[in-house]
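Asks: Single-letter residue listing:
2 protein chains.
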Amino acid sequence: MGRRSDNADAEARATLSDVAARAGVSPSTASIAFSGQGPVSDSTKARVRAAAEELDYTGPDPLARSLRTGRSGIVGALIPQRIGTSFRDPVIIQTLDGLAEELGQGGSGLLLLSERTRDTDRVSIEAAPVDALVLLGCGVSSTTAISVLRRRGVPVITIEGDPEAGVANIDVDNRGGTRLLAGKLRDLGHRDVALVTLPLAIADDLAPLTAAALDAATVRPAVTRTHGARDVFPDAQGIVASGSTIADGRAAGRVLLDVPPSDRPTAIIAQSDLLAAGVVFAAQDLGLSVPRDLSVVGFDGIRIDELPMPLTTVAQPAQEKGTAAGRAVVDLLDGGRPESRCFPVVFEPGATIALPAAR
Amino acid sequence: MGRRSDNADAEARATLSDVAARAGVSPSTASIAFSGQGPVSDSTKARVRAAAEELDYTGPDPLARSLRTGRSGIVGALIPQRIGTSFRDPVIIQTLDGLAEELGQGGSGLLLLSERTRDTDRVSIEAAPVDALVLLGCGVSSTTAISVLRRRGVPVITIEGDPEAGVANIDVDNRGGTRLLAGKLRDLGHRDVALVTLPLAIADDLAPLTAAALDAATVRPAVTRTHGARDVFPDAQGIVASGSTIADGRAAGRVLLDVPPSDRPTAIIAQSDLLAAGVVFAAQDLGLSVPRDLSVVGFDGIRIDELPMPLTTVAQPAQEKGTAAGRAVVDLLDGGRPESRCFPVVFEPGATIALPAAR
DNA sequence: CTGTTAGCGCTTTCAC
DNA sequence: GTGAAAGCGCTAACAG
Chain A
1 MGRRSDNADA EARATLSDVA ARAGVSPSTA SIAFSGQGPV SDSTKARVRA AAEELDYTGP
61 DPLARSLRTG RSGIVGALIP QRIGTSFRDP VIIQTLDGLA EELGQGGSGL LLLSERTRDT
121 DRVSIEAAPV DALVLLGCGV SSTTAISVLR RRGVPVITIE GDPEAGVANI DVDNRGGTRL
181 LAGKLRDLGH RDVALVTLPL AIADDLAPLT AAALDAATVR PAVTRTHGAR DVFPDAQGIV
241 ASGSTIADGR AAGRVLLDVP PSDRPTAIIA QSDLLAAGVV FAAQDLGLSV PRDLSVVGFD
301 GIRIDELPMP LTTVAQPAQE KGTAAGRAVV DLLDGGRPES RCFPVVFEPG ATIALPAAR
Chain B
360 MGRRSDNADA EARATLSDVA ARAGVSPSTA SIAFSGQGPV SDSTKARVRA AAEELDYTGP
420 DPLARSLRTG RSGIVGALIP QRIGTSFRDP VIIQTLDGLA EELGQGGSGL LLLSERTRDT
480 DRVSIEAAPV DALVLLGCGV SSTTAISVLR RRGVPVITIE GDPEAGVANI DVDNRGGTRL
540 LAGKLRDLGH RDVALVTLPL AIADDLAPLT AAALDAATVR PAVTRTHGAR DVFPDAQGIV
600 ASGSTIADGR AAGRVLLDVP PSDRPTAIIA QSDLLAAGVV FAAQDLGLSV PRDLSVVGFD
660 GIRIDELPMP LTTVAQPAQE KGTAAGRAVV DLLDGGRPES RCFPVVFEPG ATIALPAAR
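Chains A and B, in that order, are what the protein sequence lines are. Just so you know, we're using the working numbering here: the first sequence kicks off at 1 and counts up by one. Just so you know, we're using the working numbering here: the second sequence kicks off at 360 and counts up by one.
Watch out, some of these pointers could steer you wrong.
Where chain A lies over chain B, by a calculated footprint (3+ residues, C-beta under 8 Å) [unchecked claim]:
#1 451-461
#2 474-486
Sample of chain A residues with no beta-carbon within 12 Å of chain B, all distances over it, derived [to be verified]:
#3 Asp18
#4 Arg88
#5 Gly109
#6 Thr218
#7 Pro261
Hints listed in this document are in silico derivations from the structure and should not be mistaken for laboratory results. Backbone N, C-alpha and C fix where the C-beta goes; we use that ideal spot for every residue, glycine too.
Just need the whole structure built from these sequences, with the hints factored in.
Replies: Below is the structure:
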């Protein structure tokens, strides 16, 4: 029973067969007239269009079309947390923008999936009607997600995901970028350097950075950036932030800085620009001047207007990441085998690092 | 031929019939075992599950299920412009967040549609496989969109749309809110008041606010807020901004303020907080002090950290708007007839208005 | 260029 | 509690 919402109005909607009948042609011909996928005489096409017009037929039912062709025209993007949270991060927005734009070129739409959906939902990763899925800097132990999708036969692309998974991965040079920043600090003479990391797992709390937590981490970039920092400062300790907002950075910064001066680091490596901005504010809260009393570096290269000085950071091509992921998806759907790639980052000198203050 | 991507791997995926056969039951029984929509003995259910496991069957194909049930489980959101642009507006993000969250409760997913899709796209409003669509503060002459969707039988909800369209509309008190702010300015003694409006149509350019432009406007809130301002200052002139960012406001503000002092308004009513912030910056650029030399009011109630003082504005419940729209959609899909509603706004005193400077 | 035939994979009466 | 039958609306071979 029951197609559509059996709302008051609607006597059954016309189907392609109805249109074909009215135009005096077979359904297959009518189908071709609509899709252009085959030869039809102009006169026939016109007749079909006219019949459609009369019957108020707007085109093939996408649901039926999807079943028949095996394609829905929809690509899913799995984002961490809820929209309001994820979308506070400019990097995610830019990446999605690039992704959506590129998918649009291929005629596909973007379905937003949050990690938080219950699997009873009609549109969870185990049941969403998607032709492919992009895992976006996710804290799903992405191997789990990937295996579910593989079983479903849904192709996957990851952005900053686990490279081992045998899936094309669009990456940025998180390790090298952080190492570069750490190197600048070392060259200036910093030795007491602390980290403010991104959450290591979905829904992490503010906490010290422990080896155990790092081992259990599911958020790739957080781990990789930590490695990059430790390439230069092997013993660097730090704080795991509870998110990637200015407020989260401020809270983490306070923990690191609101201590006796002798225990205070001379520099802080924050794993995102928003976190770094928060650290700068935390320093200001405590009467410390940046960069005189404290050097701070970030990651991402987003502009943060509220900061009194430009941040020393590395810029990543967020939108291009999305575009590349989109292109990889389109390629995949065309039967190609897109390759992983890793974007370089670009150093932005800014004005938040300096020589360590004499003690 | 060809189901799915005929990629190297995959020998044909198992179907529900395969599972049923293996479990020694009929397809209908297997279906019930999966969906829970009917009576099955526990033992049968277990057998079906086991067979599924063995065949690597993860559940019913969503495409087939959709065709059969007439529901895709997907709700579309039509946003103006591209993601990167729309999502710079915190109000849109919050609204989408509320919407997605509420839809998630109903088990539906959110498909992002941009007005900019070409109608040849597989997933345009003409052909997206959605159970319903939410028009989000759109500049589509929404009547057009609505009529397409009505013909398709896709139910629609609008957010700040045209109320006449015979569609449930989730609105906020744009007119009353702006009138309230204008009233404050009048009470302080302002008489030379200028407007910085939101774009009146998709992709508007910075331009003077003319009667013709206002008549041709497709973006509802821009029109309504203009009316609200003119309820108090009937002759107020102004500038149509080219977007709703701080930069757009700054540009518009410059046009209004970079004139001989005698031509300068003593107050500016901007139609969004971002525009208002831009106006404040434009004033500063010209050496004017806010609110001493110029009073500025906004609209929305978002926090703008980079501003040196809190903005005088009215706050709208952006997330609740989304939630309400989501609830309306769910209601609609349940066969209900959700009603339009209009949220009130709340005055936020801020510190950007004062008595007009003596001339 | 057009029509015939078949079936995508599933859910849902309805009878047992 | 289970099975048989029907068909959602469409497109893709293939034959004419």
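Asks: Can you name, in rising order, the numbers of the hints this structure does not satisfy?
Replies: Violated hints: 4 and 5; rest satisfied.
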